[in-house]
Amino acid sequence: MNIASPKKFGMGAAVRRKEDPALLRGDGHFTDDYTPPGMLRALVVRSEMAHAKITVGDLSEAKAVPGVRLILTSADLEGIGGLPCKGKVRQIDGSHVSKTHRPLLCGETVHHVGDPVAFVVADDLGAARAAAELIEIDYDPLPVVVDMKKALEPDAPVIFPEHGSNVAFECARGSKRGTADAFARADRVVSLEIVNNRLVANYMETRGCVAEYNEEDERYTLTLGTQGGHEMRDIISEDILGIPKSRLRVITPDVGGGFGTKFFVYSEYPLSAIAAKRTGHPVKWISDRREHFLVDSHGRDNIVTAEMAMDADGRFLAMRVDLLANMGGYLSQFAPLIPEGGLTMTTGVYDIPLMYAHCRGVYTNTAPVDAYRGAGRPEAAYLVERLVDACAREMGLSPVEIRRRNFVRPEDLPYLTPGGRIFDTGEFDGHLTRALEVSDEAGFAAREEASRARGLIRGRGLACYVEACAFPGKEEATVTLNDDGTVTLYIGTQTNGQGHATAYAQFIAGHFGIDYEHINLVQGDTDRVRKGGGTGGSRSVPLGAVSVDRAAKRLATNVREIAAAKLEAEPDDIEMADGLVRVHGTNRGMSLAELATATEDKSRLRVADETFEQPEPTYPNGTHVAEVEIDPETGVVTFDGYWIVDDFGATVNPLLLEGQVHGGSVQGIGQALLERTYYDEDGQLLTATFLDYAMPRAEDIPVISFETRNVPSTTNAFGIKGAGEAGAIGSCPAVMNAVGDALYRNFGVPQVDMPATPERVWNLIRAARTASAA
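Read in numbering that gives the first Met the number 0, the sequence shown has 211 at position 212, and its numbers run on one by one without any break.
FYI, nobody ran anything at the bench for these hints, they're computed from the structure. Each hint should be verified, as a subset may be incorrect.
The list that follows gives simulated cross-link-like pairs (lysine to aspartate or glutamate, EDC-like), each with its CA atoms no further than 20 Å apart [stated by the list, open to error]: (1) K98 - E192; (2) K148 - E192; (3) K7 - E516; (4) K85 - D19; (5) K52 - E680; (6) K244 - E680; (7) K276 - D123; (8) K148 - D321; (9) K149 - D679; (10) K473 - D139; (11) K17 - E657; (12) K530 - D253; (13) K565 - E599; (14) K530 - E237; (15) K552 - D600; (16) K98 - D253; (17) K276 - D321.
Distance windows between CB atoms, simulated [unchecked claim]: (18) T585 - E214: 53 to 61 Å; (19) R527 - D238: 18 to 26 Å; (20) A697 - P153: 43 to 51 Å; (21) K175 - R527: 49 to 57 Å; (22) K175 - A444: 53 to 61 Å.
Heads up, the beta-carbon is just placed ideally off N, CA and C, and yes, glycines get one too.
Work the whole structure out from these sequences, hints included.
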């Protein structure tokens, strides 16, 4: 790479985010900030019941409310498609998942509280609300099932009768017979059932959209927060509206968080487009926080039974998994891929020769479940790391020793896992050893005694994780030198807080010798950016940065050749710095702006590159260590330390990297200790506000010690492994193993599920004390 200064540009530069000043000043521009002239407001009338046959009553009174422009029900959507599921998973019998219909507006049956029934458009929200209150929906209740195990009972109500059962799909990975044989000859078998609790994404900016329709060119424009506008455009246009994708433009302004959940198409987007065309006005819909809780795709929600077969020395022979994955009331956009992909990572960082992992997706009368930060990989890591700790107790080994006996070793790489993944690089014992050093494992006994003297118990937990990300593919980057001497990058990834404008600029600035302020980023506009894969699965920097660097390098070569011709020199003698191009060792030169203005063939000043296509995923890995104290009288869990040592292959920007790791870890800590999504037996969500759904606050989060111990990836051109989701993958098992360690060693509690709230922990301690006294 032709990078000017490793301290200022390129890989490893600790550059502060160039995006932040505008956001801190309140100058960000989000979806709700866009208010085109003549704009109408929309709201959705939603089901109050979790499962029922419905009939929408007469709408004349609602339509007569002053200011009401349009009311849509399912009867008004003839020829319009529903929300598609794009997750292609091959089932055990060889068939693909049978897709059930998910309409934009329900006309006959609702499947969960919050299902959309009518779409009201008016001059203002007041008029829309007044009309919505006059819309009568007749409910004929149907049996409700919210519990996965109950949904699989023989007499359970079937949510989709035409489907035949509540099993949405059934898939598996590994060798069933080989695994059974290994279990038959095992000296020890350990089993564990765990719950991976359901989560609500709760990004800062709720979803919303502004739809416009231009009659002259018969084109729609949707302005909305996304994680990738191109796939959003393609699904809404071709799958739902039934129009060519050329007739829909998607613009994404600033986005206030995504976490996977903003990747998906929701009914409000095409409904707003339809309403804009029918009313002849722009239409804005903005979700409130309660709607977010009720209808935006939830995350996780697994019940898993896992077993490990071991020899007499505690070496793993085989692993067997039976996974129930809650799909909710419909199959969301990528929903089947999430648990199925998690199966491929079942064995983690361990050399487990055989595995059989069986998964059933289950329909329930709850909100649909889909990808949430990590998308199946956090669930897999949580399972194996909790199981490994249980194995250590069974064998009388320390959590450290049993891991070291079973790690995949560097000399075993590349390593084909029984789940079908190929680990290329990694030194798992290396980052474990370093994490033990920085967390002062040797001093734990003294710290535990100090805790006990204060009436507290102390636990220490660790998790060694590996994940798959930056999946095979490529990302086109186009770099242009403008007449004013600035450089503009066009790329189809989509920042929603990651810092793309800064990270990508690192790979451009050095090639041209310009400051970051002179580099512009264009994302989130399907008319201005030709194509793009969006942002998800930690793909943007590992794939995008390579293309950005190559495009910038080729453009810089063009600039040198153009400058050489104008300055009567050789291209190799041309240098660029401080916005100037000049002949080395002379005072002959010109500004980049002068060169760009004087260049007649502008095509030479615009370079696109997508030559890098990553053949395999990358595999970030690392060790998290947590130490907690628990007050037995209250059940309150507090942190006394948290340490992370990660292998991300290579570091692009240590400041951005640490921010990503901290954010993911906080989300994992929130899941482990606080966040609980609870439906009652009638399918009513009882945790639909921040009064009932606990989010992590600053006081809940420890000071996090973070460092890297990188081993470059061999599948990525820069050696990068990706880091956007890793914090959420290692944190849950580390925290819960620490809580479990304290409870087991002090009270003999064998198992605790997330979230480890004070109530849950106190009840476990009370039950253990009662049993001990009996």
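Hints, verified against the model:
For the hint linking K98 to E192, the alpha-carbon distance of about 29 Å lies beyond 20 Å, and the restraint is violated. Of the pairs offered as hints, the one joining K148 and E192 holds, with about 13 Å between alpha carbons and a cut-off of 20 Å not exceeded. Annotation: proposed proximity of K7 to E516 holds, straight-line Cα distance about 13 Å (limit 20 Å). Using a Cα cut-off of 20 Å, the hinted pair K85 and D19 is violated, with the two alpha carbons roughly 35 Å apart.
Proximity of K52 to E680 is assessed by CA-CA distance (about 18 Å); at most 20 Å being required, the pair is judged to hold. At roughly 43 Å between alpha-carbon atoms, K244 and E680 are farther apart than 20 Å, so this suggested pair is violated. Distance check on the hinted pair: K276 and D123 sit about 18 Å apart at the alpha-carbon level, within 20 Å; holds. Distance restraint check for K148 and D321: the Cα-Cα separation of roughly 12 Å lies within the 20 Å cut-off, and the hinted pair is therefore satisfied.
Under the criterion of a C-alpha separation no larger than 20 Å, the hint pairing K149 with D679 is consistent with the structure, at around 13 Å. With a C-alpha separation of about 50 Å, the suggested pairing of K473 with D139 is violated against the 20 Å cut-off. With a CA separation close to 16 Å, the supplied pair K17 and E657 stays within the 20 Å bound. Taking the CA atoms of K530 and D253, the gap is about 19 Å. The hint holds against a cut of 20 Å.
Distance check on the hinted pair: K565 and E599 sit about 12 Å apart at the alpha-carbon level, within 20 Å; holds. A C-alpha spacing of about 16 Å is found between K530 and E237, which places the hinted pair at or below 20 Å, so the restraint holds. Annotation: proposed proximity of K552 to D600 holds, straight-line Cα distance about 19 Å (limit 20 Å). Among the hinted pairs, K98 with D253 is inconsistent with the structure: their alpha-carbon atoms are about 33 Å apart, more than 20 Å.
Between the alpha carbons of K276 and D321 the distance comes to roughly 49 Å, so the proposed pair goes past 20 Å and is violated. Roughly 59 Å separates the CB atoms of T585 and E214, a value that falls within the hinted 53 to 61 Å. As the Cβ distance of R527 to D238 is approximately 23 Å, the hint placing it in 18 to 26 Å holds. Range check, A697 to P153: Cβ separation about 49 Å, and the 43 to 51 Å hint holds.
Evaluation of the 49 to 57 Å hint for K175 and R527 yields a pass: the beta carbon distance comes to about 51 Å. The supplied range of 53 to 61 Å is broken by K175 and A444, whose beta-carbon atoms lie about 44 Å from each other.
Checked against the numbered hints above, the structure violates hints 1, 4, 6, 10, 16, 17, 22; every other hint is satisfied.
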